[in-house]
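Position chain D against the provided structure of chain F, taking the given hints into account.
2 protein chains.
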Amino acid sequence: MKHAPELLYLLHGDAEELNEAVSQMRAEDIAVALRDLPPDASAKLMTALPFNLAVKVFDEPELSHSRCEIVSRMDETKAGNLIDAMSADQQADLFREIPQTERDRLLTRLSEPTRASLKKLLEYAPETAAGIMTTEFLSVPASSTVAETLDLIGRVAKEKETVYAIYVLDPATHSLLHVVALRELISASREARIIEVGSRRDPVTVVPGTDREDVARLVSRYNLLAVPVVDDAKRVIGIVTVDDIIDTLVKEQTEDVQRFGGMEALDAPYMRIGMGGMIKKRAGWLCALFVSEMLTATAMQHFNTEIAKATVLAMFIPLVMSSGGNSGSQATSLIIRALALREVKVSDWWRIAMRELPTGLILGAILGVIGYTRIILWQHIHFYDYGVHYQLVALTIGTALLGIVAFGSLAGSMLPFLLKRVGVDPASASAPFVATLVDVTGLVIYFSVAYVILRGTLL
Amino acid sequence: MKHAPELLYLLHGDAEELNEAVSQMRAEDIAVALRDLPPDASAKLMTALPFNLAVKVFDEPELSHSRCEIVSRMDETKAGNLIDAMSADQQADLFREIPQTERDRLLTRLSEPTRASLKKLLEYAPETAAGIMTTEFLSVPASSTVAETLDLIGRVAKEKETVYAIYVLDPATHSLLHVVALRELISASREARIIEVGSRRDPVTVVPGTDREDVARLVSRYNLLAVPVVDDAKRVIGIVTVDDIIDTLVKEQTEDVQRFGGMEALDAPYMRIGMGGMIKKRAGWLCALFVSEMLTATAMQHFNTEIAKATVLAMFIPLVMSSGGNSGSQATSLIIRALALREVKVSDWWRIAMRELPTGLILGAILGVIGYTRIILWQHIHFYDYGVHYQLVALTIGTALLGIVAFGSLAGSMLPFLLKRVGVDPASASAPFVATLVDVTGLVIYFSVAYVILRGTLL
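Protein chains in written order, with my numbering: chain F, 663 to 1121; chain D, 663 to 1121.
Derived from the structure by calculation, the hints contain no laboratory data.
Don't take every hint at face value.
Because identical chains cannot be distinguished in the list, a pair is counted as satisfied if it fits within a single copy or across any two copies.
To be verified - When the alpha-carbon atoms are kept at most 30 Å apart in a straight line, the in silico DSS-like pairs for lysine-lysine are as follows:
1. Lys913 to Lys781
2. Lys1007 to Lys706
3. Lys913 to Lys782
4. Lys781 to Lys1007
5. Lys822 to Lys896
6. Lys1082 to Lys943
7. Lys943 to Lys896
8. Lys1007 to Lys913
9. Lys820 to Lys1082
10. Lys706 to Lys1082
11. Lys1082 to Lys718
12. Lys913 to Lys1082
13. Lys820 to Lys718
14. Lys942 to Lys896
15. Lys942 to Lys1007
16. Lys1082 to Lys942
17. Lys1007 to Lys718
18. Lys913 to Lys943
19. Lys1082 to Lys822
20. Lys706 to Lys820
21. Lys820 to Lys913
22. Lys822 to Lys943
Isolated chain F, as found in the complex (with noise of 0.2 Å):
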């Protein structure tokens, strides 16, 4: 495989020896490649590149954090070639990067029948299915044979996102009134009408403004290739094909990662944010969660006295603030994934509650034993004098774990129901509410039992 520093070599020697070089290349691992140079070199390279492998390159879901700056570096009437030729999805991709002043301007460069298509799609939001379908697909009318579909197949395979899902319609209408699989059209009758190969059942459809995360676990659960997104007449306006949804599983997974890790998801891979954005994107939930984190300082000025009594009690804060965050997040990232995967239902909420409460006493009962032998066992090995009332100082500790334990198991599942519920997607607040959440109410707990325990003696 060519890398970018060859093809940087290659574009200063003569055009024969760089086509040579990229001819044994895939478009993917062309694009990879351009990924890493500056635009101003990748550009050059687009524009020295043959025309339909230059399409191919640009049409690479890898290159689409590039392809903005590329475009705008490269000769205006040779980018709108370029774009006129990519698919309607990946169009779509590369506008909606483009500032809203050049978008105009670039527009006028492309055909009509683009600039038409295009304008549509980009009236979707980009994380429905609208956002992510292609509208170049394959149909037929009702009345086909079998033998003219294959025909059409031949002529057309490649033009066409995929071939490998055909959509027959109604003549008059345009509705949708069945899909066939390739592999069905393949194997039947060359005679038989399109109508009548495959299953009867009603296709599985989406509408345009079906989140594409449900796309995805549709694709995923009836094994399909493609979904077809219908309108209200069930007129088919695109399709969504596997590639889109592999494509979207990796980008919610990444963001499903840097939500849960306390950040607005970035846009883009880590490498190619400025440290600008990097700090915009970090910055806002760390001041957020800062800012909530303060009641935890609130709260300690009312267990002031007892502090300044009883100093051995700060001793145990962080560990005991730790456990409720810990037992948190873990039912957090438990209820999170499950409702994600329609596991359990928003209405479950009572049942899984009556399961996470049993289950946090006894991870709090573990803890608690675990907090205070070890208390215990320091004072009689003598590596630490907790004072004469050790014993009540390691019961405060045991006792409080599991109180913090079971209420962090407790908030950590019950939070995701609640913002799903006033319509807040689970994954990108749960955690760090949680922690907020659990750490100010632990607090609250530990000092509650240490004055109910250590009143009269301590406090």
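For chain D alone, coordinates are given in the frame of chain F:
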């Protein structure tokens, strides 16, 4: 769509009514319905279903966590026939769940070819290419023509997992020479030799031990519908289809989220895991984290005098700790994903460190200023009295935040590299480790800053 309770009801009615009801359903939906039934009822229903439909239902990955229980409740001969007719990758999946003691008994109920292929598949680890591949693919000798190949596909389309990729083999050695997509085949001249159809580049292949995530990356990058798994002699031993890739991506996403939440990944849906199993999966990590967080208590022992002198310091421990944890968690989630997507390599660690350090310092400065202002403000509007040295206290908190957030970002970004370097999956361990590391170090930074700034006044 019929749901589980209705199916259960029909089971007690007459067979015809059941057949009528299920004939309207997709196999995938029956599988989902069965998943929610008690295993006894599912086993009865599987026996009552028309055989071909039962096979399709049993082939659904949706049912994978229930299959083992269903099989053990079915008549052994019937179960054997059913398994015999399943696709090879699902057979292997099922047998991996069956306890060793029952495995051998059930194996004797299978036909000889199934038994042989199954034994081979079971030798591979489930998270490798060979562990998720199927052995039913379509191959033709290089001497075939397009017309002959199309004929063959028409005859065998129903038996093969996919017919969208045709593997062209050397007639003598059976090694893989070429891969043709069905769409290329269909638009090719019928007399052409298959070896001449489509691109002449080396086909994309994987070896049996390739990690399933790497297979997913290849399929995603090259937009493949299937990728062949080849042995040392380049013979195709199976294929991984895009369906398997989607299932893999969904599984990996679940594991990532659960591990990021600080627990062992569950291998079944939340609701299907018993309380005991759930506690086992969660208690391990929770205890490990608890024991390492005990270091915070040890660290605090050394600062006991400081707290006794200035209890005001204890008040900000939770705030300061959580800020370090949050910034570490951000950086970790970013790097885990960037590593998983191969956006950065292990050798990039230095470049990342040089990015994260200034980023962390700026983020820390932002939080530091907010923290400083909060204390000064509270004092001036008489919300709380931090004592005569409140300005020094505010300066301590501000400076400590700067140091802790910078350290958190740096440590959070470097730990995934370290784990990867020593051969541990960063996704599985980074987040919890970072929390502990940053908590302990955060306390040390906090009290060191306090010592420098408050010496001679409060300390």
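So, going through the hints one by one against the coordinates:
| no. | hint | in the structure |
| --- | --- | --- |
| 1 | Lys913 to Lys781 | within (24 Å within a copy, 37 Å between copies) |
| 2 | Lys1007 to Lys706 | between (53 Å within a copy, 27 Å between copies) |
| 3 | Lys913 to Lys782 | within (24 Å within a copy, 35 Å between copies) |
| 4 | Lys781 to Lys1007 | neither (37 Å within a copy, 39 Å between copies) |
| 5 | Lys822 to Lys896 | within (21 Å within a copy, 32 Å between copies) |
| 6 | Lys1082 to Lys943 | both (23 Å within a copy, 26 Å between copies) |
| 7 | Lys943 to Lys896 | neither (41 Å within a copy, 47 Å between copies) |
| 8 | Lys1007 to Lys913 | both (24 Å within a copy, 19 Å between copies) |
| 9 | Lys820 to Lys1082 | neither (44 Å within a copy, 42 Å between copies) |
| 10 | Lys706 to Lys1082 | neither (48 Å within a copy, 37 Å between copies) |
| 11 | Lys1082 to Lys718 | neither (41 Å within a copy, 34 Å between copies) |
| 12 | Lys913 to Lys1082 | both (21 Å within a copy, 22 Å between copies) |
| 13 | Lys820 to Lys718 | within (12 Å within a copy, 33 Å between copies) |
| 14 | Lys942 to Lys896 | neither (43 Å within a copy, 50 Å between copies) |
| 15 | Lys942 to Lys1007 | between (34 Å within a copy, 25 Å between copies) |
| 16 | Lys1082 to Lys942 | both (26 Å within a copy, 28 Å between copies) |
| 17 | Lys1007 to Lys718 | between (42 Å within a copy, 27 Å between copies) |
| 18 | Lys913 to Lys943 | both (17 Å within a copy, 28 Å between copies) |
| 19 | Lys1082 to Lys822 | neither (39 Å within a copy, 42 Å between copies) |
| 20 | Lys706 to Lys820 | within (27 Å within a copy, 49 Å between copies) |
| 21 | Lys820 to Lys913 | within (28 Å within a copy, 34 Å between copies) |
| 22 | Lys822 to Lys943 | neither (38 Å within a copy, 48 Å between copies) |
When the structure is compared with the earlier hints, violations turn up for hints 4, 7, 9, 10, 11, 14, 19 and 22 and for no others.
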